[in-house]
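**Q** Okay, here's what each chain looks like letter by letter:
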Amino acid sequence: MDRPFGVIFMNKIVLSAQGLTKTFGEPASTRSNRGEFTAVDHISFTLEEGEVLGILGPNGAGKTTTLFMLLDLITPTSGDLTMFGMRYRDDREKILQRVNFASAYMDMVPRMTIMENLLIMAMLYQVKKPKEVIRTWAASMGIASLLGMEYQKLSAGQKTRAQMCKAFLSSPEILLLDEPTASLDPDISVTVRKHILDAKNRGVSIIITSHNMAEVEEICDRVLFINHGKIVAEDTPEGLAQAVRKARVQLMMTDGQKRTIAFAKRAGFPVRANGRFVTIDVDEDDIAYLLSGLAEKGVEYRQITIDKPTLEDYFIAESRRNL
Amino acid sequence: MNLMRVWAIVIKFWFDTKRDMFRLFDVFWWPAFNLFVWGLLSTYLSKLSNGSVNFVLLFLAGTIFWSFFDRASRDISRSMVEELWNRNLPNIFSTPLTLTEYLAGVLIVAFIKLVIGSAFLLILAKLFYGFQISALGWPVVGIMAGLMIFGWSVSFIIQSCVLRFGHTVEVFIWAVTVLLQPFSCVFYPLSALPEWAQWVARGFPSMYLFEQMRAIISGTPVSPGDTMISIVLNATYLILSVAFFYRTFGYAKTNGLLTKPF
Numbered sequence: 001m002d003r004p005f006g007v008i009f010m011n012k013i014v015l016s017a018q019g020l021t022k023t024f025g026e027p028a029s030t031r032s033n034r035g036e037f038t039a040v041d042h043i044s045f046t047l048e049e050g051e052v053l054g055i056l057g058p059n060g061a062g063k064t065t066t067l068f069m070l071l072d073l074i075t076p077t078s079g080d081l082t083m084f085g086m087r088y089r090d091d092r093e094k095i096l097q098r099v100n101f102a103s104a105y106m107d108m109v110p111r112m113t114i115m116e117n118l119l120i121m122a123m124l125y126q127v128k129k130p131k132e133v134i135r136t137w138a139a140s141m142g143i144a145s146l147l148g149m150e151y152q153k154l155s156a157g158q159k160t161r162a163q164m165c166k167a168f169l170s171s172p173e174i175l176l177l178d179e180p181t182a183s184l185d186p187d188i189s190v191t192v193r194k195h196i197l198d199a200k201n202r203g204v205s206i207i208i209t210s211h212n213m214a215e216v217e218e219i220c221d222r223v224l225f226i227n228h229g230k231i232v233a234e235d236t237p238e239g240l241a242q243a244v245r246k247a248r249v250q251l252m253m254t255d256g257q258k259r260t261i262a263f264a265k266r267a268g269f270p271v272r273a274n275g276r277f278v279t280i281d282v283d284e285d286d287i288a289y290l291l292s293g294l295a296e297k298g299v300e301y302r303q304i305t306i307d308k309p310t311l312e313d314y315f316i317a318e319s320r321r322n323l
Numbered sequence: 001m002n003l004m005r006v007w008a009i010v011i012k013f014w015f016d017t018k019r020d021m022f023r024l025f026d027v028f029w030w031p032a033f034n035l036f037v038w039g040l041l042s043t044y045l046s047k048l049s050n051g052s053v054n055f056v057l058l059f060l061a062g063t064i065f066w067s068f069f070d071r072a073s074r075d076i077s078r079s080m081v082e083e084l085w086n087r088n089l090p091n092i093f094s095t096p097l098t099l100t101e102y103l104a105g106v107l108i109v110a111f112i113k114l115v116i117g118s119a120f121l122l123i124l125a126k127l128f129y130g131f132q133i134s135a136l137g138w139p140v141v142g143i144m145a146g147l148m149i150f151g152w153s154v155s156f157i158i159q160s161c162v163l164r165f166g167h168t169v170e171v172f173i174w175a176v177t178v179l180l181q182p183f184s185c186v187f188y189p190l191s192a193l194p195e196w197a198q199w200v201a202r203g204f205p206s207m208y209l210f211e212q213m214r215a216i217i218s219g220t221p222v223s224p225g226d227t228m229i230s231i232v233l234n235a236t237y238l239i240l241s242v243a244f245f246y247r248t249f250g251y252a253k254t255n256g257l258l259t260k261p262f
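Chains as they are written, first to last, in the working numbering: chain A, 1 to 323; chain B, 1 to 262.
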């Protein structure tokens, strides 16, 4: 249905973090002298119903610490966190009944089978008809035949899929996923991404951390970029990518290769040649200037490719900037 | 408290235990081994003394009763360490499970293991040495319960230390029973200890409970004062140790220790 002009629709906010901070250790002046380390530094964000929010950042940026605070596994040093309008100190059980979590880096009990591990989890979430639910999710994740196998005998990818079954079996309203497709084959990654998008379409709100930028671009509505514990950018994946503003123009030359290189250098564009190919990095706004300049010089080329910036370019640029 | 979540913890330990032969050894083999060593020694000593002292009754009762403390302490402490080894704490504590429900489940499992292990020991003691615990009367139930509760208190302290300091203090799970045994006067009266050690021993309810055990075996009256002191000490230690454990769990959450690799 089209939205009437002038009316702003807002989805319900299911999670709100305001000034969330986590400092580990003690001040350097204390006897232990270990010093303080701020893993998460006054971050504020919200999550809407049915939204997929990506949290990106280099290793050690504070992504996983943030997820653990959202799960009440780590107590924030300061800040306010509400989920479904409730706070952990008053309504921990009610909140966690509606939240679930999967991480490629967490383990289950190694000597227990997948079915046994998932059955325990289902009981902790009070899932009705747990074995039926587990079998359904295991089938959809392609591990139905492994349900009787001990967890310790699974490959990394199979473990990740077992974790995904665990995350879905309680029908959560908020799903927290820490690199859900790490160590998965490309075809299984596609299946997992499909389940994430299906969950989103059912109205599940999802927070996901990932180092797979293509995946984030595909499934996230919004992205927070965190570095050194702080949110340094917040936008749609496309919006963040455009912030890089760098495009790469690649020309297959037929005539005027030297003139092309000379023109690009005079204009201050990074340029390199490889055989008949010349690659020039320009701001998106300068593409027209470059092409008209080359036309004036009488340069001829058979093929032109313009690569627009991606989220990965943003990730690399932002990570380097904050080194 | 949600009983289904408590039951989930009980079932979890059953699933985990049934495939582990070493755990079955822990429940059956080592206590039986211990019983036979003391049984053989006490039989030999009884022969030397021409039966003037019933060493079999004293030593076997001591061994069996001590196993109540030992098992209660070790089983509960190990449960937490294994969760840490398996990196399973983030999984279970990111569910609605509360710490109280988790502890209730762990205590139920430890109690079941204690009952099974003790029944096995009592059957062996009856079969091989004619040791009949029922002959000692109902007061032994109180002694067993007292030792079990003291074992719980010690295990809460050890679990707290493991949670706080990691695997470097894991050795105390096994060492604490060895450290406490001399002061608990399991096989000898309090008066056998040096003066300074007697003062230390008076701080442990286990010492009073074993004095009561010897009184029952020798047919002398049990001191009501000692009984009262052991109850007060046990209650105090239990309350303090549980409070300490909850506080340490909070510390672990504050410092991210639940989510760290062990």
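Mixed in with the good hints there might be a few duds.
The following label-pair restraints were derived from C-beta to C-beta distances [unchecked claim]: (1) 19(A) x 200(B): 47 to 57 Å; (2) 248(A) x 19(B): 49 to 59 Å; (3) 89(A) x 108(B): 38 to 48 Å.
FYI, nobody ran anything at the bench for these hints, they're computed from the structure.
Positions of the beta carbon are idealized from the N, C-alpha and C atoms, including for glycine.
**Q** Determine for every hint whether it applies to the structure shown.
**A** Right, here's what the structure says about each hint:
| no. | hint | verdict |
| --- | --- | --- |
| 1 | 19(A) x 200(B): 47 to 57 Å | holds, 51 Å |
| 2 | 248(A) x 19(B): 49 to 59 Å | holds, 56 Å |
| 3 | 89(A) x 108(B): 38 to 48 Å | violated, 28 Å |
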